[in-house]
Every structure is written in C-alpha cells, then in structure tokens.
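*Asks:* Based on the provided sequences and hints, a complete structural model is requested.
Those sequence lines, one after another, are chains X and F. 477 is the number that our numbering gives to position 468 of the first sequence; each next residue is one higher, with no gaps. 118 is the number that our numbering gives to position 94 of the second sequence; each next residue is one higher, with no gaps.
Rather than coming from a laboratory, the hints here were simulated on the basis of the structure. Accuracy of the hints is not assured; some may be wrong.
[What the hints assert, rightly or not] Pairwise CB distance ranges, derived in the manner of DEER restraints:
no.: 1; chain 1: F; residue 1: Asp517; chain 2: X; residue 2: Asn489; range: 53 to 61 angstroms
no.: 2; chain 1: X; residue 1: Arg336; chain 2: F; residue 2: Val397; range: 39 to 47 angstroms
no.: 3; chain 1: X; residue 1: Pro240; chain 2: F; residue 2: Asp517; range: 31 to 39 angstroms
no.: 4; chain 1: X; residue 1: Ala493; chain 2: F; residue 2: Lys334; range: 46 to 54 angstroms
no.: 5; chain 1: F; residue 1: Thr398; chain 2: X; residue 2: His244; range: 48 to 56 angstroms
no.: 6; chain 1: F; residue 1: Trp514; chain 2: X; residue 2: Ala248; range: 33 to 41 angstroms
no.: 7; chain 1: F; residue 1: Ser61; chain 2: X; residue 2: Thr34; range: 44 to 52 angstroms
no.: 8; chain 1: X; residue 1: Val46; chain 2: F; residue 2: Phe510; range: 22 to 30 angstroms
no.: 9; chain 1: F; residue 1: Glu187; chain 2: X; residue 2: Arg336; range: 53 to 61 angstroms
These numbers were taken from a predicted model, which means no experiment stands behind them. Glycine included, C-beta positions come from ideal geometry on N, C-alpha and C.
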Amino acid sequence: MNLLLLLSLAIPLAGAVLLKVFRATMAQASPRWIALVATLVTLLVSLNMAHEFTLLPEQAVNASRPVEPRYEMRYHWLTVPAASVAGAGSQGFQMEFRLGLDGISLTLIVLTTVLTVSCVLISWEAIKEQEAEFYITLLFLETGLIGVFCAFDLVMFYVAFEFTLIPLFFMIGEWGGPQRRYAAIKFFLYTLTGSLVTLVAVVALVMHASAGGLVNPTSIPDLAEWLKAHPLDHHLQVALFLAMATGFMVKVPVIPLHTWLPLAHTEAPTAGSVLLAGVLLKLGTYGFLRLCLPFFPDACATVGVPLFGTLAVVGIIYGSLCALAQRDVKKLVAYSSVAHLGFCLLGLFALNSAGIAGGVMQMINHGLSTGGLFLLVGMIYERYHTRQLDDLHGLASRLPLLACAMVFISMASIGLPGLNGFIGEILSLGGMFQRHPIYAAIGALGLVLGAWYLLSMLQTVLFGPFVEPHHGEANVGDLNLREALALAPIFVLCLWIGVRPQPLLDTIKPDVDRVAALYENAGDEWAARPPVAKETPLAQE
Amino acid sequence: MNIAIEQINHAASLIAPEIALLATVCVMFLVGPFLVSETGAASNGVRQRWGSLALLAIGVAGMIWYNSVPQEVTMGPFRADALLWYTRGLTLSLGAVLVLVMWNQTSDSHAAEAYACLLSIIAGANLVAAANDLVGVFLGLELVSIPTYVLLYLLRGGRATREATVKYFLLSVFSSALVLYGMSWLYGAIGTTNLAGIADALRANKSTTEPLTLRLALALLVAGLGFRITAVPFHFYAPDVFEGVAQANAAMLSFVPKVVGFVALVRLLPLTGATLSPGLWLPSESAQMLLAILSVVTMFIGNLLALRQKNLQRLLAYSSVANAGYMLVGLAAGNVGTVGGTSAMLFYLACYGFMTLGVFALLRGAGAEHPVVTRDDLRGLSRVQPVNALLLTVCLLSLIGLPPTAGFWGKLNLFFAAWTEGTHTGHWLAALLALNAAIAAWYYLRLIALMFLETDPDAEKRRNKKELVAWLAGVFCTAATVAIFFSPQWLWDVVVRATS
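*Replies:* What follows is the structure, encoded as structure tokens:
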C-alpha cells in the first residue's frame, strides 16, 4: 500500500521527467506513447490500490475524529521549534509529508487516473505542436491532483492545491483557443487570489491550534479532532470558515465567483477541459468536504447552510439558464458544470450523511459525464473545427456511433435513472430536503432545466436535416478505435455506478458518516436503499 | 605584551573569512594595475583569471566558515554568534553566484578592481554582522557602500550609468549620515558604543534612560538603513539605479544591501530600547507601528508600481522594494509567537537571495550579445532556450510564492509569524501580505506568459547564445530554491539559532 501510493505519485512525475530529459532524441511519436504508458500504469496502480483498500481492516468509528484516513504514511518535513519566548504556551509544531487514503480520496484518485488516460488518448492527434511539453504538463497535473487527494496535512494539501495551477496555466495558455492567454492569466490570478485568502485562514487556524497546545496542528485529522474537543468561538469560526471557503468558492465555482470558468473551459484544449471539469473543480468541493465541514461545524450549520444553499440554488438555476442561451457547445457544457456543481454543493451542505454522500457521488458523476461530454465536443471540433450550434446539424446520419455516445453521456448528465447522474442528484436533493426543503425544491427545478438544454443541444447537433459545416478533409469518419477507447472506461463506469451504486457508496460511507456525525441526524438506512423521488425529471421528455 | 598579541590573534580569528577576502582584495588592487598597459589595454583573458581568484578567495573563506562553529564568542571589537554564521554562509554562497554573474561583464582592464570591489562588499556585509561596536557596524556599512560606488561605474560606462552612480552615491552618503546621526543619539543616551555595553545599560536601568532620545535614534536608524533595504519612502533611487547599471550590479544591489540592512536592523533595533525585553526583539508598540506602516507602504508601492514596468531591471527593482516590505512584516511582528518574526524574516532573506539572484543570473545567462533588457525581449524564449525559460519560471514562481519552491515557505513563515504576533496589527499584516502576494503574482506571471505563450521570430537570435558561466550560477540558484522547498529544516534551524 505504501509503495502503491508513492508509485501513483511518482509514475506520472517520472514520465514527465523522462519526457523532458530525452525529448531531443525522441522520435516524433514517442512522447504520446510514453505518456500513455505512464498514465496507464498509474491507472493500474490506482486500481490495485482500490483493491487493496477493500482488504484493509475495518476501523472502529471513533466519534471524536471527524476525519480519519484509513491508511496513512508520514514523513517528517519541517519542525518549528518552540520560540525562545515563553509566552502563550507555545511549544513549537511540526509539519509532515502526510499521505493517506480514505474512501472519498480513493474514489477521486481513481477518477483522476481514469480521466487522464482518456485525456492522453483524446490529445493523440489534436496536439501537434510541442507534443512532449504538452504531455509533461498533463503528467505534472496528474501528480498534483493525486497529491491533493491523498494529502492529510494542511500545508501539503495547500501545496498540492496551488501546484495544480501551474500545469493547467500552461496547458490553457499554450495549447488553447484564440483567447488562450487572457483565459490562462484570468484563471490563474482568480484562483490564486482566492486561495491566498484560504491560506490566511489556514495560517490562522494552525496558529490557533498550536497556541492551544496541539503538537502537529497541520495534520488534518488531528486538527479536526482538536477542534471538536475545543470548539472555536462562534465569530472566529464564522470568519475563518468564510475565509477558508473563499478559495474553494472560486475553484468550484460558486456563483458570483464563476466568471473565469466558461472562458477557461472554452479556451482550454480538450484534455485541459476534461481535467478542469472532471477533477479540478472537485478540488473546491473536496476542500469544502475535507476542511470546512469537519473544522467549522457551528459555522457550517448556521451560516454555511443558508449561504451555500442559496448560492447553490442560484448557481443551478443561473448556470442552467446560461447553458440554455449558449450557441457554443463547449460553453454550454461549461455552464452546465456550474449547475451540476450546485447540486454537489447542495448535497454537501445538507450536512447529513445522505446529502454528503450525494455530494461525493455527484463529484464523481459530474467528473465522468462532463468529462465525457467534453471529450465528445472535442471530437466534433477535431472533425469540423467548429463548435457553434448554428453550424452543426443532424450529425447522427454521418457519425452514428458518436451520436450514440453523445446521447448516452447526455442522459447520464441529465440524470436518467439507471445511469450514474441520477443517484447523486437524488441523494443530494434528498439530503437537502431533510435539512431545508425549500432549497431542495428549487434545486430540483434544475433537473428540468438540465434536461431542457442538453436535449435541445442534442436535437440541434445530432438530429434533423444533415448540415455539415465547411471543412477541409475529404471525408469525416466516425469514432475510431482510439476515440472509442478514450470513451469506453467512462461509459462503463457511468453504467456501473448507475446500475449498482452500492460498492461505491460502501467505499465512501464510513468517511461520510464520520463527517456527518458532527451534525445531528445521521441516518443510516439510505445506503441500503436509495430513496426514490416521486417526480422524476425525465417526465419532461 | 603577550596577552595583547594573543587577544589580537583571538579577535582576528573571529573574522578569519573576512581577512581572507580582504587579503585577496589587497592583492587584486596592488597587482591589478601592473597587468594593464599604459593605454589601458590588458591582455585577453585577464578577467577570467581575476574571476577565478575571486572564486578561490570565496572558497577559502567558505572553508573557514564551514569549519567554524556557530557559538557565541565576544572578543574586543568583534562578536561571533549564530547570526554571523548565518550571514556569512549566505553572503559567501551568493557572493560566489555574484562573481559568476559578473564573469564576462567586466572589461579585462578593469577586472581586478571590479572583483576586488565585489569581495570587499561581501567582507563588509559580514563585518556588519560581526561587529560588537557601533563604530564597527558603521565601518562595515561603509565597506559595503564605498566599493559599491566604484563598482557601479566600473562594469559599464555611459550616461545612464553615470547618472545612476551619482544618484546612488549622493543618496547613500545621505543615508550613511542618517545612520551615523542615529548612532550618535544612541551613544548620547547610553554613553558607550559597545553593543553589549548598550544592551547591559538598557537592562540595568531601563526606566531612567531618556525614552525620547532612544526613539529618535530608532527613527534615524530605520530611516538610514531603510535606504539600503529599499523601504518606501527611501526607495526612490532603486528603479533608476537598477535600470542604469549593468545586470551584475543590479543583481548585487538587489541582494547585498538587503542583507546588510536587515542584519544591521536585527543588531541595532533592540538596542534603541524599542523592545520589551532586552536581547530579544519584541518590538514596543511605537516601534511596531513604525515598522508595520513602513512594511505596508513598501509592499503596496513596490507591487503596484512594478505592474507598470517594461524594463526588466526596473521591474526587478520594484520587486525588490516589495520584497523588502514582506521582510519588514517579519521584523514588525517580532519574536513573539510560535514562529518568530525575525526568524521568518531571515528565512525569507535567504530564499529571496536565491530566487532573485537566480532571476538575474538566468537573464544574464540568456545571452550577452543580445541582452534581455525589456519585457519584450523575453517573448518566445521558451522556443529557443527551453531549459533557461523553465529555470526562470521556477525562480519567478518562487517570487510569487508558489510551491514547489522556497518562496512558498518564505511567505508561509512570514504569514505564521505575523499571525502569531497576536494583536490586530499582526492579523492585518498577514492579510495585507496575502493581498500583496496576489498583486505580485500578476507581473511575475506576465513574464512567464511572455516566455511560454508568445512567439517572436526575433527570439531566434538567442538560440545557442547562452552566457554559460552566469547561466550555471542561475542553475545553482534554481536548484537551491527547489531544494529548500523539499528540505527546509536545516535552514530553519539556522535562522532560529541566529535569532535566539
């Protein structure tokens, strides 16, 4: 396990270094092969890790620890010795490279490795300039993302969180669309500014705990336990909660701070969009789940629920309406992300185990379905060099397989029962319904809107009279093997989670329950039989 | 008689590295002129030989430093302690970098003098840390300033350089006068120039000394030394001087005066009675207010003006102003909380040295024939010098404060220090520091964007035109920046020992 976790971080890194060092002597095609091998091996390692994870001994749930990795390893990083002043009971503190795994981080790591393989495959032909550099940034990004998910030290979490900015900045800025420079810089500065506010909150929290006598205040589990035993003063708690949430709000993105997202998505290359939507946005929600919820129970319940409930609902409605108005397919999908993450947030801030589990499910489902949609949009763009709804009509007659895939993924994204989107949205809404029915009721409207914009997009692009935009190539082929392989794992997972969500729910359940135990009504029955909603959104069809 | 000689020997042994440096300086000044003909020409390659000699001298000094133990010994005019040990390590390792950056920037005929000036600047910086007397501190400061005037003009002639040198000279003299004036008030209040003696006197009768006199001394010292660390409003010379002088000199100015200024502040500020406990830097309320205001103004002015700069050396001048502001945050916080402010400041100083000299060295390394002067010269650098662009990016990311670089730890420690200070001032300083880090990201990031995201057919002229020696210095700095991120413990231990 030790080895596997380190390998999952080291293999992409090693691949990147290999590419960098031998770039000059390589044949034209080798960078992508090396990248493919590296990502595939990482995928295998992560799957193996998931397997070993199920073999780990069951841990007794310790009610006093809201966050508890089921497996961890630690290396010393920096010890700050006690300052020479004998004031405020300071006894110094230490920071560690603290890698760990719990059910939530494990599933997100697997999601990352799966999507990265697809990213390499989709970039196979699309990236023609500076190939080696492209795959280097992709592999660095993968390392950073895995690093965030397995970090159980606050400083290390922050380090990895910030580090992911750098490769993505280059990916958007170098291989993106016409406005790429502006998009890259806007993305970078927006996110950096947000996370600096988070950093202030992290620093304040760490120093507070250190002054209170905690020896390793940067360890997330220990800090959560300490904060449970020594709750913060309410005002301080609210202030720190809001400050810490700022960085995550930008990343998610929550409504007033979302303006960087559509631009970054539209300008990024396909692989960048897939990872941005599929995994990077999850860093925000993951941050909420991993840090805000366990650290600030009081603030979450009093301020967080109304604030983020409202913002999430506004995000769902506003994002959906914006998506409805877009003429660029990629932008449409980007705005749909804003809406989908609203559901995720709604689930997390239901603050009960059904809701939080729904939020986590929604993270994974959105990663899969939106990742898949971006892949498909990228494939269409590669064929016709346009993404405008006005240029694309009735493609199903020319590209039947691609059309099938698109319908399938859209259905997953809409939340058709039997596919993955359904389970997450229902759990989130159900959880929120217990907490505050009104948010859930308004949020449910988003399901209808989601069906509306995606179905009308499908109708325009795939069906109706065939209008092929002007393009250079003589004939445009359907999905080839490479593209099918890029989509296959996503399809399998969508279907599998939709039909049989239980294994996944079982994996995340203990960790979700730990957090939910901080907040009163933690129901246990939901996992056994997911509640069935009375009104299914698909009635609209 | 014998005792006197023994004492002199002992005192000299405390500053053995500086003696090695200054002996080399004498050799260079004395021999140098004989290798230049009457017309001012020198045979080709003399500069490399003088450069090697300078490196050798730094190497010898470094060996002595490495074998010394950082423990407190006071002997006559000198005092060896952990702060001196830290300063020496920093100035010697980065002094070697400066020699390498200067490698081909001096003409053969002026090489001896140029390297001699650089070595005496390094020695002066160490002597400031080694001094146990106000006079010694002042002599050290002047041993830095006076060779600087010469050095600024030696590397590059021309109008702009002349203007820059004169500007630096006049303002530097003015600031020295301020420092001296501050010292005289200190002497007037206490009655001794011995640093340990002043500390003892303060400890003995803290209440009876005239507080106003000491406060005046504090203000004058901060003003005079503020010139060296380019604190606003004493920063006015920096952009013009940085722009006017050669790259190697701008590199030197961005770093050595900061070391000198901050080390002198660490040594002198506690002696002005501005501290709640003698011997430790816990600033009193008024001193803290002064330093906090100074740091906030410095950060904002530096960062906001840097946003508009097109000339790189000018931009780096404002960046160095802003960084001085960050470090003043540490000084304003004081050694109060779990993370000492002075320790965090010295930690940042080391990180800053590596990253900023890394930037200068790599810019210099990009080519001497077509020097990188303005922002636009960086356009498309990644296409023709990919490795150089990558290393430069690492250094710039470090200046932004992003992982995986030393700058991240530097900023984080300052945050910790400001926050643990505990009062509202500390919290505000931390918040404003975060705001400034975000502003600063913009102009550093724009340079990275220029190198990687834009193309320029003109960039082709730089292909295979690297200035190898300076570039290697840049590689060393970049490697150090990354290394400090991964194992910060040793550096942290050193700075904690230096401030306790």
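*Asks:* Now look at each hint and say whether the structure bears it out.
*Replies:* These are the hints, each one checked on the structure:
In this structure the supplied range 53 to 61 angstroms holds for Asp517 (chain F) paired with Asn489 (chain X), their Cβ-Cβ distance being about 59 angstroms. The given range of 39 to 47 angstroms is respected by Arg336 (chain X) and Val397 (chain F), whose C-beta atoms sit roughly 45 angstroms from each other. A hinted range of 31 to 39 angstroms for the beta carbons of Pro240 (chain X) and Asp517 (chain F) is consistent with their spacing of about 35 angstroms. Separation of Ala493 (chain X) from Lys334 (chain F) is about 51 angstroms and conforms to the stated range, judged on CB atoms against 46 to 54 angstroms.
Between Thr398 (chain F) and His244 (chain X) the beta carbons are some 50 angstroms apart, a value that agrees with the proposed interval 48 to 56 angstroms. Separated by about 36 angstroms at the C-beta atoms, Trp514 (chain F) and Ala248 (chain X) satisfy the suggested range of 33 to 41 angstroms. Between Ser61 (chain F) and Thr34 (chain X), the C-beta spacing of about 49 angstroms keeps the proposed range 44 to 52 angstroms intact. A beta carbon spacing of about 27 angstroms between Val46 (chain X) and Phe510 (chain F) agrees with the range 22 to 30 angstroms that was offered as a hint.
Between Glu187 (chain F) and Arg336 (chain X), the C-beta spacing of about 58 angstroms keeps the proposed range 53 to 61 angstroms intact.
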